[in-house]
Amino acid sequence: MTSRIWVRLFMTTLLIGGITTAIVGFIINWNEYVHYFIDLKIINILSALFWFVLWGILYSVISQMGFFAYLTVHRFGLGIFKSVSLWNGVQAVLILFVLFDLVYLRYETFAQSGESLLPYIGLAVILLIAGLITALYKSKQTNREAFIPALFFMIVVTVIEWFPVLRVNEQSWVYLMLFALLACNAYQILILHKLNMQSQQERQRIEGNRKQSKKSNLQKKASKKPSI
Numbered sequence: 005m006t007s008r009i010w011v012r013l014f015m016t017t018l019l020i021g022g023i024t025t026a027i028v029g030f031i032i033n034w035n036e037y038v039h040y041f042i043d044l045k046i047i048n049i050l051s052a053l054f055w056f057v058l059w060g061i062l063y064s065v066i067s068q069m070g071f072f073a074y075l076t077v078h079r080f081g082l083g084i085f086k087s088v089s090l091w092n093g094v095q096a097v098l099i100l101f102v103l104f105d106l107v108y109l110r111y112e113t114f115a116q117s118g119e120s121l122l123p124y125i126g127l128a129v130i131l132l133i134a135g136l137i138t139a140l141y142k143s144k145q146t147n148r149e150a151f152i153p154a155l156f157f158m159i160v161v162t163v164i165e166w167f168p169v170l171r172v173n174e175q176s177w178v179y180l181m182l183f184a185l186l187a188c189n190a191y192q193i194l195i196l197h198k199l200n201m202q203s204q205q206e207r208q209r210i211e212g213n214r215k216q217s218k219k220s221n222l223q224k225k226a227s228k229k230p231s232i
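Under the numbering used here, the residues of the sequence shown are numbered 5 to 232, in order.
Straight-line C-alpha distance at most 27 Å; calculated BS3-like pairs for lysine-lysine:
1. K86 to K198
2. K86 to K144
3. K198 to K144
Quick caveat, the hints were computed from the structure, so don't treat them as lab data. Nothing here was measured: the structure is a model prediction, and the numbers come from that model.
Start from the sequences, fold in the hints, and give me the full structure.
This is the structure:
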């Protein structure tokens with residue numbers, strides 16, 4: 005990926021993180037901010053918006069760190085297992101393990117006596133549905149072998165990025181970070197192959213211009229009259 009395209013990916017993902025967090029933040033905390041809109045307190049609304057956008061930018065940076073870390077791990081995995089199907093099988097097992105732990109460990113850690121398991125399952129279901137939709141769309145855009153890696157990234161890597169907030173278990177922050185990470189992660193995994201193609205075309209164009217420039221310089225030197 006060329007530096008220009010990487011910068012564009014970085015800035016676009018920041019924008020997605022900021023917008024998503026702002027929207028979700030106002031929705032899940034509507035009771036807290038509704039009087040700002042009723043009374044048209046523009047300064048308060050802008051202050052809250054700025055605060056959510058800052059958090060969204062932070063979540064976006066975490067998402068991008070996880071994305072590039074996974075690309076490295078994915079290459080190592082392919083190199084170690086020497087087989088796409090075998091590496092995908094390992095990732096599928098890890099997906100199931102992480103989903104089970106997301107429900108079981110959180111329930112064991114945070115559930116009160118007699119509390120239902122359903123809210124803990126609900127978070128895993130949201131994550132799974134978002135991952136499946138993204139992975140299906142990715143496989144249609146590229147090939148079937150991309151399904152498991154995309155699903156792994158959307159579930160396992162998202163949970164790793166999400167872990168600091170999961171430990172606190174404050175509901176509004178849990179959902180705020182979850183939707184921001186899902187939006188940023190889905191965007192990055194779906195746009196990756198397009199950016200790689202653009203980078204390849206840009207490199208070919210740069211290389212073609214370099215060869216053309218070199219050829220022109222040689223022709224100019226050859227056309228010069230000898231000095232003696």
